[in-house]
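K.L.:
Sequence:
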Amino acid sequence: MDKLEVILEKYSFRPIGEQNPKIKQVRAISSNTKPNPHKLFIAEGIWILSMCEKFHTPIDTLILCPEHIRTPEAAALAEKIAARAGECYSVSAKTFEKISERDRPDGLLALAQLPVHDLKDFHPANDAVLLILDGVEIPGNVGTMLRMADGAGVDGIFFCNRKTRMTHPKLIKGSQGAILSVPFFEFESVDECRTWLKKNGFTVYLADTRAELFYYDEPFGSKTALVMGSERYGISREWYDGTYKMIAIPMEGSCDSLNVGVAATVLAYEAVKKNKFLPRAKKL
Numbered sequence: 035m036d037k038l039e040v041i042l043e044k045y046s047f048r049p050i051g052e053q054n055p056k057i058k059q060v061r062a063i064s065s066n067t068k069p070n071p072h073k074l075f076i077a078e079g080i081w082i083l084s085m086c087e088k089f090h091t092p093i094d095t096l097i098l099c100p101e102h103i104r105t106p107e108a109a110a111l112a113e114k115i116a117a118r119a120g121e122c123y124s125v126s127a128k129t130f131e132k133i134s135e136r137d138r139p140d141g142l143l144a145l146a147q148l149p150v151h152d153l154k155d156f157h158p159a160n161d162a163v164l165l166i167l168d169g170v171e172i173p174g175n176v177g178t179m180l181r182m183a184d185g186a187g188v189d190g191i192f193f194c195n196r197k198t199r200m201t202h203p204k205l206i207k208g209s210q211g212a213i214l215s216v217p218f219f220e221f222e223s224v225d226e227c228r229t230w231l232k233k234n235g236f237t238v239y240l241a242d243t244r245a246e247l248f249y250y251d252e253p254f255g256s257k258t259a260l261v262m263g264s265e266r267y268g269i270s271r272e273w274y275d276g277t278y279k280m281i282a283i284p285m286e287g288s289c290d291s292l293n294v295g296v297a298a299t300v301l302a303y304e305a306v307k308k309n310k311f312l313p314r315a316k317k318l
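To convert, take the position in the sequence shown, counting from 1, and add 34; that gives my numbering.
Derived by calculation from the structure, the hints in this document are not laboratory data. For clarity, every value in this text was computed on a predicted model and none was experimentally measured. Be aware that one or more of the hints could be misleading.
Unchecked claim - Calculated pairs, DSS-like style, for lysine-lysine (alpha carbon to alpha carbon, straight line, at most 25 angstroms):
#1 Lys-197 with Lys-68
#2 Lys-56 with Lys-128
#3 Lys-88 with Lys-207
#4 Lys-204 with Lys-68
#5 Lys-232 with Lys-154
#6 Lys-88 with Lys-154
#7 Lys-58 with Lys-132
#8 Lys-88 with Lys-37
#9 Lys-44 with Lys-114
#10 Lys-56 with Lys-204
#11 Lys-207 with Lys-132
#12 Lys-307 with Lys-257
Unchecked claim - Have a look at the derived ranges for each label pair, beta carbon to beta carbon:
#13 Tyr-250 with Pro-49: 53 to 63 angstroms
#14 Arg-61 with Ser-288: 39 to 49 angstroms
#15 Cys-289 with Lys-197: 17 to 27 angstroms
Even for Gly, the Cβ is constructed at its ideal location relative to N, Cα and C.
Hey, can you work out the whole structure from these sequences and the hints?
P.N.:
Structure representation (structure tokens):
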């Protein structure tokens with residue numbers, strides 16, 4: 035009995051076909067067409083499942099295709115995930131290829147649960163940078179900004195007027211695993227978010243092309259919150275009721291603005307550099 039057979043027997047993998055309700059559930063989550071009360075997302079392949087293992091992401095279901103498990107690395111990962119999965123199933127290559135989004139599948143697909151972060155346990159430092167996404171609609175843009183936040187060292191992302199499911203496949207794919215590493219929180223209203231930011235001493239900046247202040251002229255330097263608006267409507271009116279600064283990215287060509295994900299990247303890296311890295315460099 036080889037390693038894979040041992041795993042299948044040890045964790046009682048149940049063989050199922052493409053008409054099984056579990057396969058239909060995977061398809062529904064993939065198409066984003068049905069209610070998803072448990073906030074499950076599809077994690078397919080060695081890379082994202084390794085991230086799930088690293089961040090101890092809860093695994094609802096593991097689906098394994100023995101014919102596509104080609105390496106000892108994949109088999110070892112399958113055993114680790116199976117040990118803590120709620121349910122384990124095995125499928126044929128034909129069935130797996132119908133639910134896979136890859137040309138060359140790794141033979142591993144899981145339904146994983148989004149991490150839950152408690153705002154009461156979130157205590158950002160004095161050099162923190164937060165990204166506030168107000169009404170951003172396109173899942174790929176949200177995923178891109180999560181990925182950027184991980185790379186830039188942004189401390190967290192706040193959602194107001196959320197318009198997309200956090201489990202949307204395009205969001206998960208765009209985040210490249212950052213959905214697991216970057217703390218994110220949702221507020222029921224702009225007012226609730228503003229109250230939290232004020233209580234915790236954040237300076238709030240509104241990304242607005244009408245601003246006279248360019249982002250590189252702002253010193254930042256302390257707790258910073260950058261508000262990014264929706265692709266169509268911009269930032270909600272409620273944000274303009276506060277005494278917040280507006281900052282802009284200069285546009286030298288014929289276009290009047292950048293994609294929200296690109297704009298967030300420019301602003302976040304500048305704020306992180308001035309809040310975190312420049313003070314450290316001065317101490318050296």
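K.L.:
Hint by hint, say whether it matches the structure.
P.N.:
For each hint, the structure was consulted:
Restraint check for Lys-197 and Lys-68: the C-alpha separation of about 16 angstroms stays at or below 25 angstroms, so the hint holds. Restraint check: the Cα-Cα separation between Lys-56 and Lys-128 comes to about 16 angstroms, which is no more than 25 angstroms; the hinted pair holds. At most 25 angstroms may separate the alpha-carbon atoms for a hinted pair to count; Lys-88 and Lys-207 meet this at roughly 18 angstroms. The straight-line distance between the Cα atoms of Lys-204 and Lys-68 is roughly 16 angstroms, inside the 25 angstroms bound, and the hint therefore holds.
A distance of roughly 15 angstroms separates the Cα atoms of Lys-232 and Lys-154; the hinted pair therefore holds under the 25 angstroms criterion. A hinted pair counts as satisfied when its Cα atoms are at most 25 angstroms apart, and Lys-88 with Lys-154 qualifies at roughly 24 angstroms. Taking the CA atoms of Lys-58 and Lys-132, the gap is near 11 angstroms; set against the 25 angstroms cutoff, the hint holds. Restraint check: the Cα-Cα separation between Lys-88 and Lys-37 comes to about 23 angstroms, which is no more than 25 angstroms; the hinted pair holds.
Restraint check for Lys-44 and Lys-114: the C-alpha separation of about 12 angstroms stays at or below 25 angstroms, so the hint holds. Distance check on the hinted pair: Lys-56 and Lys-204 sit about 21 angstroms apart at the alpha-carbon level, within 25 angstroms; holds. Proposed proximity of Lys-207 and Lys-132 is supported: the alpha carbons are some 18 angstroms apart, at most 25 angstroms. Note on Lys-307 and Lys-257: the hinted pairing holds, with a Cα-Cα distance of about 13 angstroms set against a maximum of 25 angstroms.
One distance hint, 53 to 63 angstroms for the beta-carbon pair Tyr-250 and Pro-49, holds here, with the actual separation near 59 angstroms. Our hint of 39 to 49 angstroms for Arg-61 and Ser-288 holds, since their Cβ atoms are close to 43 angstroms apart. Restraint check, Cys-289 to Lys-197: a C-beta distance of roughly 23 angstroms satisfies the suggested window 17 to 27 angstroms.
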